[in-house]
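Line by line, the protein sequences are chains A and B.
Under my numbering, think of the first position of the first sequence as 1, with each following residue one higher.
Under my numbering, think of the first position of the second sequence as 1001, with each following residue one higher.
The set of hints was computed from the structure by calculation and includes no laboratory data.
Among the clues, some could well be false.
[Stated by the list, open to error] In the SDA-like style, the derived pairs of lysine to any residue whose C-alpha atoms are separated by at most 20 Å in a straight line are: (1) B/Lys1372 x A/Ile3; (2) B/Lys1071 x A/Ala4; (3) A/Lys372 x B/Lys1071; (4) B/Lys1372 x A/Ala4.
[Claimed, not checked] Sample of chain A residues facing chain B (criterion: CB under 10 Å; computed from the structure): (5) Thr129; (6) Phe276; (7) Arg302.
Backbone N, C-alpha and C fix where the C-beta goes; we use that ideal spot for every residue, glycine too.
2 protein chains.
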Amino acid sequence: MAIAGPSIVDITITPVAIADPPLLNSVGVHEPFALRAIIQVRTDDGIVGISEAYGDDPTLDRLRRAAAGLKGLSVWDLNGLSRRIAVALGAVAPDSPTELAGAPSVAKAIASTVSAFEVALFDAQGKATGLRVCDLLGGAVREAVPFSAYLFYKWAGHPGREPDGFGEALDPDGIVAQARALVDRYGFGSLKLKGGVFPPEEEIEAIRALHDAFPGHPLRLDPNANWTVPTSHRVAAELAGLLEYLEDPTDGIPGMAEVAAATGLPLATNMCVTTFDDVPPAVAAGAVRIVLSDHHFWGGLRASQKLAGICETFGLGLSMHSNTHLGVSLAAMTHLAAAIPNLTYACDTHSVWQVEEVIEPGAIAIRDGVAKVPDGPGLGVSLDEDAVARLHQQYLACGIRRRDDVGYMRTVHPDWTGTRPRF
Amino acid sequence: MAIAGPSIVDITITPVAIADPPLLNSVGVHEPFALRAIIQVRTDDGIVGISEAYGDDPTLDRLRRAAAGLKGLSVWDLNGLSRRIAVALGAVAPDSPTELAGAPSVAKAIASTVSAFEVALFDAQGKATGLRVCDLLGGAVREAVPFSAYLFYKWAGHPGREPDGFGEALDPDGIVAQARALVDRYGFGSLKLKGGVFPPEEEIEAIRALHDAFPGHPLRLDPNANWTVPTSHRVAAELAGLLEYLEDPTDGIPGMAEVAAATGLPLATNMCVTTFDDVPPAVAAGAVRIVLSDHHFWGGLRASQKLAGICETFGLGLSMHSNTHLGVSLAAMTHLAAAIPNLTYACDTHSVWQVEEVIEPGAIAIRDGVAKVPDGPGLGVSLDEDAVARLHQQYLACGIRRRDDVGYMRTVHPDWTGTRPRF
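All chains should be modelled from the sequences, with the hints used to inform the complete structure.
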């Protein structure tokens, strides 16, 4: 018996480029534009489910190959979605959205493709039933999802351009000022610093300064595996008691396990555990106490719930990772976070750094440190078609086709390699 | 925002007793009647979702206490279901449906209560949307679910009563004849013998006889932890190569791990891993290679999918356990099995031993060794209200209020204790 419900008749994939400030990280610096793909899935009932994914060339290629095999699929047939995508992609090259989300893998390349469509199917399911995505995921356990302020070292503006208005942040004072601005504007209740940029002593000072300025705010530091194990030991010893968790101090499960064994500070990851294959060795080694989920590369909303169930079962904490994203993904992240009882940490989001948007305003925003779950149906957000068209033109014009933080840094510092660990 | 969709206005819980043959197991023998509860959840849209659960007194008490707190709950709010049941039950005594499904625990008592209502909510969701339960679970990956022939040592009939027509089976010849009858009638492609009844040598002979009579049929043996570790070692050595898997030879994770370490024969369990808390120690010890899920005590259909995800992630096989049940549960088991990609073993079912039924005929049956997924909507089966009323009268008359295989055996063998391990 075929599965009932609306089935797919057409899929549109629209790459967009959005202005992005020069945010520094362990491998380099954000380019002037970040790429995303907007997915629209039309059904025979006239419903359009939407989603948002990475927008780099390899992703777009996979999305287009996968889309060609999805006609006729019921929006309820999530198992069929995975099966069809595996068939459509056939042999697929290992990939990862960035060097900041773990090693490239075939599993991740397939999972990120499945996720892109699965979210759109959930949006369509919601529109077909009048339900919110969080309700389709089992019901909201919270109607407001806490997000953390994502602090970045940054230049005042992109090289050769005007300052971007976010301000320069290259030392503890700059980071505290940035945190103050974000907390004042969005009410964030916790703070995360993207580290691995400067020598650890400077970043330790930044954390101390944040602790002094925001004594009640949980703090996190994420050097994206830019430290050796000995450096990680040293920093962990300095920051024990000051951090809620330390994220990916060093590379790989064995290294993380070595650091974990020597500190009481909880270690978190979105780099050494990024596919389900990574979970058993990480559990066996005791490498991490918290996993940062990300529906974009874990395989979608249901896969993220599967990860949540594993974390709950194995006594691991669960938080949420973010890459640069727009409002469709913010809505998906919020619905997902609302439906996972054991997602007990404030989620990461790059939202505050984006000044361009593809959704109609008003549906979702961060206030008082939380995003209220959109009312729905589905994701509860609508595309601003003019904005999509404009940002697609920007995509066509910008020339960027794959994120390259290393190469962009090299335009400023010709000797830059981005090789880790640097400290 | 409240969750949309039909919400609960009324719940009916009807205990029923069904005739059960004298099936022998490690702790005793099945009584003349087995107890089940039929749950009917009525919504404000006039939809009635149905489910089937254990029917013993402690279960009924929990179901009734839980039901009192469920009015107004959306049929989509599965997280709310768990939360409300936890509140309604408050402090709950540890329980287990039988001595054959692991140690009593609070987790199992709550999980079995959640499951009873969750299945009914899924049935209601399906009726509200026109979808099958398997589609709501992510889509059927198979439209026909294989079941195994569940072979039992048994008496010709209950003491003091006429033979039941299933025949006596107390030796290898009797077991082979029973298997022949079940395979001829239902087309089963695999065979499972409930062991732990006679000295292991006799059960080894029965397995050899089955292997000779059905050389192409995968075989399983389940002595329900009635063997010591040394006995388990000995039997595993004798049966390596003859069994698809050996189920619960001995008690507890440490004992199972000891047996597993010494044999290439895969060990399966529905006794030492029966709650999510059991998974990490079992994984760490390498105690089992296959877990038998059972939505009734793992917490429902979504919880069973969570278990499936854990098994997939940790490289464990997944099969399905059965206690005595009726057609509503057979439908739920079939929808669930249809939607789990990594449920790769034929499922257990006691169906063939039940001559009484609560559902209208025709919706589900085992033929050629498989049950086709009912067409739906929801579970795709309907209650025969007359049958429910008749079996409820039988419940009132039979006097049994809690399964007691040990006590019933004692009426025949006064010295019987049911203490394990016996061999």
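Each hint tested on the structure:
1. B/Lys1372 x A/Ile3: 14 Å, holds
2. B/Lys1071 x A/Ala4: Violated: B/Lys1071 and A/Ala4 sit about 29 Å apart, past 20 Å.
3. A/Lys372 x B/Lys1071: Outside the cut-off at roughly 26 Å; violated.
4. B/Lys1372 x A/Ala4: 17 Å, holds
5. Thr129: 6 Å, holds
6. Phe276: 5 Å, holds
7. Arg302: Holds: closest Cβ of chain B sits about 7 Å from A/Arg302, inside 10 Å.
In this structure, the hints that do not hold are numbers 2, 3, in rising order.
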